[in-house]
Amino acid sequence: MTNILFHPAIILILGGLVQTILPTQLRRIFLLALPVLGAFVLVNLDAGFYGQFHVFNYELTLLRVDELSFIFSLIFLIALFIVAIYAWQEKDKLQLASMFVYAGAAIGAVLAGDLLTLFIFWEVTAISSALLIWANKTKGALRAGQRYFIIHVTSGLFLLIGAILHYHSTGSLAFDHIGTESLSGWLILIAFAIKCAFPLLHNWLQDSYPEASVVGTVALSVYTTKLAVYALARGYAGTEMLIWIGALMTAFPIFFAVIENDLRRVLSYSLNNQLGFMVVGIGVGTEMALNGTVAHAFAHILYKALLFMSMGAVLYRVGTTKASELGGLYKSMPWTAGFCIIGAMSISAFPLLSGFISKAMILTAAANEGHWLIWLVLLFASAGVLDHSGIKVPFFSFFAHDSGKRCAEAPANMLIAMGIAAAFCIVIGVYPSLLYNLLPHTVDFIPYTASHVITQLQLLLFSALAFVVLFRSNLYPPEIPSTNLDFDWFYRKPGAYLARGFATMISRGEENILCALKKLTFVVGSRLHRHHGPQGILSRTWPTGSMVMWVAFLLGAYLIFYYIY
Amino acid sequence: MKDNNKKHWLDNAENVNKIVYLLYIVCAALLVTEFFYHRHGYFDFENWFGFYAWFGFLAYISIVMSAKFLRRFIKRKEDYYD
Numbered sequence: 001m002t003n004i005l006f007h008p009a010i011i012l013i014l015g016g017l018v019q020t021i022l023p024t025q026l027r028r029i030f031l032l033a034l035p036v037l038g039a040f041v042l043v044n045l046d047a048g049f050y051g052q053f054h055v056f057n058y059e060l061t062l063l064r065v066d067e068l069s070f071i072f073s074l075i076f077l078i079a080l081f082i083v084a085i086y087a088w089q090e091k092d093k094l095q096l097a098s099m100f101v102y103a104g105a106a107i108g109a110v111l112a113g114d115l116l117t118l119f120i121f122w123e124v125t126a127i128s129s130a131l132l133i134w135a136n137k138t139k140g141a142l143r144a145g146q147r148y149f150i151i152h153v154t155s156g157l158f159l160l161i162g163a164i165l166h167y168h169s170t171g172s173l174a175f176d177h178i179g180t181e182s183l184s185g186w187l188i189l190i191a192f193a194i195k196c197a198f199p200l201l202h203n204w205l206q207d208s209y210p211e212a213s214v215v216g217t218v219a220l221s222v223y224t225t226k227l228a229v230y231a232l233a234r235g236y237a238g239t240e241m242l243i244w245i246g247a248l249m250t251a252f253p254i255f256f257a258v259i260e261n262d263l264r265r266v267l268s269y270s271l272n273n274q275l276g277f278m279v280v281g282i283g284v285g286t287e288m289a290l291n292g293t294v295a296h297a298f299a300h301i302l303y304k305a306l307l308f309m310s311m312g313a314v315l316y317r318v319g320t321t322k323a324s325e326l327g328g329l330y331k332s333m334p335w336t337a338g339f340c341i342i343g344a345m346s347i348s349a350f351p352l353l354s355g356f357i358s359k360a361m362i363l364t365a366a367a368n369e370g371h372w373l374i375w376l377v378l379l380f381a382s383a384g385v386l387d388h389s390g391i392k393v394p395f396f397s398f399f400a401h402d403s404g405k406r407c408a409e410a411p412a413n414m415l416i417a418m419g420i421a422a423a424f425c426i427v428i429g430v431y432p433s434l435l436y437n438l439l440p441h442t443v444d445f446i447p448y449t450a451s452h453v454i455t456q457l458q459l460l461l462f463s464a465l466a467f468v469v470l471f472r473s474n475l476y477p478p479e480i481p482s483t484n485l486d487f488d489w490f491y492r493k494p495g496a497y498l499a500r501g502f503a504t505m506i507s508r509g510e511e512n513i514l515c516a517l518k519k520l521t522f523v524v525g526s527r528l529h530r531h532h533g534p535q536g537i538l539s540r541t542w543p544t545g546s547m548v549m550w551v552a553f554l555l556g557a558y559l560i561f562y563y564i565y
Numbered sequence: 001m002k003d004n005n006k007k008h009w010l011d012n013a014e015n016v017n018k019i020v021y022l023l024y025i026v027c028a029a030l031l032v033t034e035f036f037y038h039r040h041g042y043f044d045f046e047n048w049f050g051f052y053a054w055f056g057f058l059a060y061i062s063i064v065m066s067a068k069f070l071r072r073f074i075k076r077k078e079d080y081y082d
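Those protein sequence lines, which keep their order, are chains A and B. Per the working numbering, the first sequence runs over residues 1 to 565. Per the working numbering, the second sequence runs over residues 1 to 82.
By construction, these hints were calculated from the structure, which means they are not laboratory data. Bear in mind the structure is a predicted one, so any value in this text is a computation, not a measurement. Positions of the beta carbon are idealized from the N, C-alpha and C atoms, including for glycine. Take every hint as true, because none was put in to throw you off.
Pairs of lysine to aspartate or glutamate, EDC-like flavour, derived with a Cα cap of 16 Å: (1) B:K6 - A:D402; (2) A:K405 - A:E325; (3) A:K139 - B:D79.
Covered stretches of chain A, as calculated for chain B (at least 3 residues, CB under 8 Å): (4) 366–375; (5) 384–392; (6) 454–465.
All chains should be modelled from the sequences, with the hints used to inform the complete structure.
Structure, rendered in structure tokens:
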């Protein structure tokens, strides 16, 4: 490869900037063409390393194509194409530019062959995605975007320091398996963990995604966290700790999702829970587990984008995604409701839909390694997914009690985008080999056996039965307008209080110091005035006596020095 | 809009009941299959009768009820952070 323009990421980033000067109609077609062109370039690249060059002593690799980076780049491009259709009517050029730069940078990071290139694209995703959040221009978006930005730039800082230490201990910047044997390994792991929303580092996700625009949230749901999943799969496959962290990630967000009122925030908790399944797969680290993780990321991007698109359409038409204000919308938006149900059934892993053929691989891989407790947690979490994403999201927006809200169906471009995503969910579910053939390792797994299908249906339908029982006996928690405290409370309340207190202390301290300085200058000034002023003792013409005194003093000092040395 | 007063199939409580009864029947049928096939499980406990069925049912109830309980501690007003 001689021309740097033959890089999918560069095409998207430059294209995203160029579109700002194009007239509306041309811009729309241009934006649709960009991911197609990117995919064309990607597919025509043979596996290998491209764009290698030296900066100072560092050997950088701009472009590495192998099975793992190929499939992640491909799904990122497919998702961008769908999002571009969904954003057909978007007029805000800055928002579109940040979206394309963001997607391009995410692909650039996936294709990066070394840690420094990874770091640069990593930071570009942070900046462009923060711009994407701010593009919604609400007060909430501004604040959440600030928190998001600080957290993600911090992640990049960990990555940079880790990369430099890694270079000094190994002499190479190549981004391959890293592991946790060294300090640099830990620092880079922390960088990835922040972006992957590990437990206690997760709140930026639920905080910011629901604050972005209708279009922005869909794009956000695709890239940041899946880039982190890719990076973890590349650098930390088989790190046992990740099995436990991943299992925790599948379990705890579901409780928050159950009682959250804003349905886009419910989907954000659900996204966090889905990442948990992928992290478990990375931790298990066998070929089947890694295949499961990659397949699940691929399927997840599509059904999660589909769910966010359906809730985006509701937000676009009704102006809110608060469950307490919705209900009965299937009457106005039957197509959106239908697509939402396909997404909901995919994420719940119903047979014949995409989630089923990917999640089953991760559970099987965990079971094959004898992780019975982890396996039970994943099964438990699967029942939780059915509740918050499978039932709650479609049920409380489109059915439940009729809110009386009537609106038009979603615009045609949104329906087409949702239709394509839904078609992917079904095609992957019915013909799993299409996806399995793209996976990094040879697939030795048959999803459609009597055991798998029957046990999965038992799990899901008896969970649905539990919902019916709870709902009909009025035990199901009602949707109430509320804020639920999560870990971010610590930095949004006492943290902010401390920071404000610290700032006040500094400004007070500053005043005190200034005051003291003033006093000091006054005192020194008046002393100087007394001794050196017009009446000052030292400003008089010196009499001989004082001259003799100074000479005696100097001689005395000289004598003392003489004895000392 | 145009379908403001149109009566929908789901508006009739009888029809909602039909869906619920269908779910009961399918669930019962799924339990009956336990007698007719041999499960290739990974763990011994998977072979307990209707393991996936009651695990799913109990997991669901425990998740929803404990989340509801959690509300007592973490629920605040909507404008809490403003």
